[in-house]
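*Asks:* -3 is the number of the first residue of the sequence shown in this note's numbering; add one for each residue after it.
Because the hints were derived from the structure by calculation, they are not lab data. As the structure is a computational prediction, the values presented were derived from the model and not from experiment. Mixed in with the good hints there might be a few duds.
The calculated label-pair distances, taken between Cβ atoms and stated as ranges, are [said to hold, decoys possible]:
1) ILE52 x PRO175: 28 to 36 Å
2) ASN56 x SER110: 21 to 29 Å
3) ARG112 x ALA54: 28 to 36 Å
4) ASP73 x GLN3: 48 to 56 Å
5) GLY89 x ASN56: 36 to 44 Å
6) ARG112 x PRO4: 26 to 34 Å
For each residue, glycine too, the CB sits at the ideal point set by N, CA and C.
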Amino acid sequence: AATGSAQPQFAWRYYRPGNTGIQGDYCESLWLPPDGNPWVGGYDASFEEGGIAQLIHAENRWINISNVDYPEIGHPDNTGVARVSDITADSAGRLWMATGHGALFFDPAIGPASLRRFDENNSGMPGGWCEDVDIAPDGTVWFGSRATVWGWFGVSRYNPATDQWTRWDLDRDSLTIRPTPTASNPGAYVVIAAGEGHGNISHF
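Make the full structure from the sequences, and use the hints.
*Replies:* Take a look at the structure:
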């Protein structure tokens, strides 16, 4: 006879700007590092103010990094500049973020002094809205961007080790990276990028 097993119990809590350090009512990204203290991207669409915040569970407090306090994130006049669409971390725990205007880099070990923005003015990224960022096994950082009234679309790759950029003018704003190791090439991988419409998928 089948025997029942106890169902796991969950405790839920509602987090919002009124009772936390989240930067705004709109939240589109979350990164959970190994220490279990999540980073959350939040913004206020009316004022274009926002950024990221980290909850330190053990102390029940938040670390806030917003474009109000740190202009490196971007000026509110640029729609989407403080809207973090995606967050991921490299092997050193440094955060790479997709935003409405290019991308952001942040090293939690250093703090706000490490903030760096990448956009069409200082990198190989297109000027559109970056929706997705992912890290490849070789340490390169891949970005997928869609076109907006202020910028073009494209897939771009950044190599932090060489400070080199590569760009493909493809309308692909969603990425996934899959390792494909072989005996002769243990670091091999493929990047699959997708966009709106039928058949808009590319392999790199």
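*Asks:* Each hint: holds or not?
*Replies:* Structure-based check of each hint:
For the pair ILE52 and PRO175, the supplied restraint of 28 to 36 Å holds, since their beta-carbon distance comes to about 32 Å. Separated by about 25 Å at the C-beta atoms, ASN56 and SER110 satisfy the suggested range of 21 to 29 Å. A hinted range of 28 to 36 Å holds for the C-beta pair ARG112 and ALA54, which are about 29 Å apart. Roughly 51 Å separates the CB atoms of ASP73 and GLN3, a value that falls within the hinted 48 to 56 Å.
Between GLY89 and ASN56, the C-beta spacing of about 22 Å breaks the proposed range 36 to 44 Å. Between ARG112 and PRO4 the C-beta distance comes to about 41 Å, which lies outside the given range of 26 to 34 Å.
Consistency note: the structure conflicts with the earlier hints numbered 5, 6.
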